[in-house]
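Q: Chains as they are written, first to last, in the numbering used here: chain A, 546 to 823; chain B, 546 to 823; chain C, 546 to 823; chain D, 546 to 823.
Please note: incorrect hints may appear among the correct ones.
Same chains, same label: a pair holds when it works inside one copy or across any pair of copies.
Below, in silico cross-link-like pairs of lysine-lysine (DSS-like), each with a Cα-Cα straight-line distance of 30 Å or less [said to hold, decoys possible]:
| id | residue 1 | residue 2 |
| --- | --- | --- |
| 1 | LYS668 | LYS636 |
| 2 | LYS629 | LYS668 |
| 3 | LYS586 | LYS626 |
| 4 | LYS626 | LYS668 |
| 5 | LYS626 | LYS791 |
| 6 | LYS746 | LYS560 |
| 7 | LYS586 | LYS636 |
In short, the hints are calculated from the structure, not lab data.
Protein chains: 4
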Amino acid sequence: MEQRVRVLIDCVDNKGLVYQISKVFYDRDLNIENNREFVDKEQSRFFMRTVVTGNFDISELKNALKEVIPKDANLQVIEPKRKKIVILATKESHALGDILIRHEAGELDADIEAVIANHNTLKRLVERFDIPFFCISAEGLTREEHEAKVIKQIDKYKFDYIVLAKYMRILTPKFVSNYAKKIINIHHSFLPAFIGANPYKQAHQRGVKIIGATAHFVTDDLDEGPIIAQDVIPVNHRFEWRDMQKAGRDVEKIVLSRALNLVLNDRVFVYGNRTITF
Amino acid sequence: MEQRVRVLIDCVDNKGLVYQISKVFYDRDLNIENNREFVDKEQSRFFMRTVVTGNFDISELKNALKEVIPKDANLQVIEPKRKKIVILATKESHALGDILIRHEAGELDADIEAVIANHNTLKRLVERFDIPFFCISAEGLTREEHEAKVIKQIDKYKFDYIVLAKYMRILTPKFVSNYAKKIINIHHSFLPAFIGANPYKQAHQRGVKIIGATAHFVTDDLDEGPIIAQDVIPVNHRFEWRDMQKAGRDVEKIVLSRALNLVLNDRVFVYGNRTITF
Amino acid sequence: MEQRVRVLIDCVDNKGLVYQISKVFYDRDLNIENNREFVDKEQSRFFMRTVVTGNFDISELKNALKEVIPKDANLQVIEPKRKKIVILATKESHALGDILIRHEAGELDADIEAVIANHNTLKRLVERFDIPFFCISAEGLTREEHEAKVIKQIDKYKFDYIVLAKYMRILTPKFVSNYAKKIINIHHSFLPAFIGANPYKQAHQRGVKIIGATAHFVTDDLDEGPIIAQDVIPVNHRFEWRDMQKAGRDVEKIVLSRALNLVLNDRVFVYGNRTITF
Amino acid sequence: MEQRVRVLIDCVDNKGLVYQISKVFYDRDLNIENNREFVDKEQSRFFMRTVVTGNFDISELKNALKEVIPKDANLQVIEPKRKKIVILATKESHALGDILIRHEAGELDADIEAVIANHNTLKRLVERFDIPFFCISAEGLTREEHEAKVIKQIDKYKFDYIVLAKYMRILTPKFVSNYAKKIINIHHSFLPAFIGANPYKQAHQRGVKIIGATAHFVTDDLDEGPIIAQDVIPVNHRFEWRDMQKAGRDVEKIVLSRALNLVLNDRVFVYGNRTITF
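Just chain A, same shape as in the assembly (with noise of 0.2 Å):
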């Protein structure tokens, strides 16, 4: 049966490993429609992410490959399929929104299983669309009876990522270890530039010309996750901080989507503190 899958390895770069891998795709006659590598050299780390079809048992090119690449590698044999993902959000709706907008149109590769907020203002728009929209209000209760309440409710789903669409709160090291790898934040700032609060406020007192956001896994430090898009805007003296801001939001909701993109089509590696994206 004509199959599909994304194979993605990363391991200790060696000698031979285009030869190994291709011959594993070789020998079962499958064609390679889609193929990037790359090598850190300063890590002396491979990276490769391989579409292939043809008529192959999953599991048996999966233990194949494993033979030929290091024992510690990672290996990935992914069928493409669409994902789930869980949305958390505070107030401002324009990140949000554009997840809505292409998940309307088809042109998002995940289903969104809820969006959960912790402020009452996004129920309407995310209910325009039918999808469940839960409100944990934080009011009066610490960090972690609040974290408590979301993860019991997030935990009701199967998902593979958490998008933190403008989720104005800091998580907890326990909460961020309990998805790792998995939840996907939108700063609002290039970062490193203006790690926590108010960034616009942090940029116009600095005086920047430029304004820009930076989409990210968390991680258990601040805003010091791994990047997986950033992109800018000029602003000039005209800008107060709420016209950044105002101005920004665009920047946002684009990287933040795009990030997504990338996330969902399986296409970011995380090695350390850096991402490889094909």
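Chain A is already provided as a structure; the job is to place chains B, C and D on it using the hints.
A: Below, chains B, C and D alone, put in the same frame as chain A:
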């Protein structure tokens, strides 16, 4: 006699300023060739740059303007003429070379009085353009001793601005205060990201997807002065830090020249830590 | 009663205009909140947009201004209020969706009176937002017959602008002249490159390394109207034309919304085939 | 003896190509330092650029590769060495100057054999760098006569590429076919917008909000050759066409140098009217 001057005013904002100032021009039958205004509402500060032509006495005009603007206003009435600059450099030629080429083409609105470097590397390049080059080595000297020698050489010239064209030494507060608002630096990062040494290495380690450069006035705080111009270019995982450095050079030189162009045409106001650029 | 108006003037350039106009404001003790001027020297044309506040009678102000500006000057004194728009679309949802989300968030300075499309595809999306949707199919109709039906529907509304949010039909000169300077279109190329049908296919065939989008007023000549805003993104050999189309959608929607924002805030002058945007 | 070569292959796409090629490398115990592939599905065309190191005989490697790739494949096995270029210019110094500065800094992977211009303006600049300069005036000559003299001078050199650094004359088909795929031009517009004479004037007249530059191989059709690199900068209504020209120069020189860098490092495939740039 037909004259043209640039009038630059910055002061506390007041009702009627535009009227009062334009009345001064009107009463003298001056022609407004170009007029830019900006009010920083947060700071309640008024900025105006007007190019006027006509038959008038400059000091009379200046006095008339003084009468209609606040006592503590900054007023400049500038006859457009070529400024003079002194350039400080180290070993890299891209920023310096870009200025030399523009100078040679008559596209830099300034004369280069001299280039002073702490290494001999750029001597040949500078002398190809028949511009005085002085190597003042820092070897075996304290920072203060070295700077004293540099200052001694600089002060032989009458100049408007000192341009740090990749001068890789940190200036002392004494040096900076000596030439307040007269030193323009190009920093090889998108400030405030990657302050300090080797920003490209820092950028590579952080795994950013965009790198940039920042031209700014130099103040006491390292890399903290008012920003004049910034620009960026995309990078990706294929860029080792040396590749970032190489690609970054193009941004550095363009941003520095763009900033120089603004400054040399009296298009930059500095207020607090920000610039207004018309 | 404290009021705020936007004063827009464009006229033949004359000595003393700024003085005469600011005197009108000064004599009425008005506060200038924002002032932008531009003189097109080649055309000898003066443009000014001023936001003034104070206690005044609008028609008295207008008359006073008329007395100091040339007879054939264009003068508008506009009270800032939400404009009304009618949107025309076809099947693609990205540009329309972006407007709908901004509208929902209260970030669009306009009310959407209706969406009219020549297909039914977008009906569900529009109605999710409780906005009237009308499908006026062109099937079996001549261009004139179809337009007559569209005009009939449009004219049920009082509106300031017609927004073509990827309306994939060519308008007749009659339609265009019916709504002169009131139709804003987003063209999916960096005009004047790739005028006409399927610009992404054209761009792919030409092998460009950058694609873009252009928001412009619609005039009789296809894709030749005054440009309001443009933006671009890099592409490379990996982009098939469908990929360009997909990537281009983000530029299209952002450029259209940016142009809309300018127009809805009375920040755009049209002069000849060019715009002055303050 | 340890060697390093760049292997460039483009041919009809076939199952097993990556395997067959990497087997050739593997059998010779070569190390793959860098590998980029691309399949143009529409054209069913395979492109591969691999940098391999090891102990091997180049002609033996070439023969081995020939056996596994299609008969009519394009195969190049290139030892990285400095290329040689001849530059044609007219009066403007920015693009030429940028190349000269890079050359002087050792950052251009090429030797400049000579600069030939149809005016004397750039003589002094070029000779400052001790590079042969020849003025071949076109005055009083037919296009063919002038070109004959230019060709005569060019052909005194062994060179890899002719670089048109703002050479403001149209080349005859004869000249172009003489040096097929060897002429690189910088056009001062974002092609295909504003083909032909004075693109900045055209851009100004059209009222665009972005201008650009395009580096491309020269073919018979004016400004229609395969594009290597493009970039843009924003402009606005304040830019007269002379300002656009001035601002555009920075883009022109950077784009030309970026394209040159790609070409000199054998990173560009030309296929039909498009380039694949690795």
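Q: Evaluate each hint against the coordinates.
A: Right, here's what the structure says about each hint:
With identical chains, the CA atoms of LYS668 and LYS636 are at most 30 Å apart both within one copy (10 Å) and between copies (27 Å). For the homomeric pair LYS629 and LYS668, the shortest alpha-carbon distances inside one copy (20 Å) and between copies (26 Å) are both at most 30 Å. For a Cα distance limit of 30 Å, the shortest separation of LYS586 from LYS626 across copies, 22 Å, qualifies, whereas the shortest one inside one copy, 33 Å, does not. Taking the shortest Cα distances, LYS626 and LYS668 sit within 30 Å of each other both inside one copy (28 Å) and across copies (28 Å).
Proximity of LYS626 and LYS791 under a CA criterion of 30 Å is satisfied inter-copy only: 19 Å between copies versus 35 Å inside one chain copy. Taking identical chains as interchangeable, the C-alpha atoms of LYS746 and LYS560 lie at most 30 Å apart only when they sit on different chains, with a minimum of 28 Å there against 51 Å within one chain. Taking the closest pair of Cα atoms, LYS586 and LYS636 come within 30 Å of each other only across two copies (28 Å); inside a single copy the shortest separation is 44 Å, beyond that limit.
Hint compliance for this structure: every hint is met.
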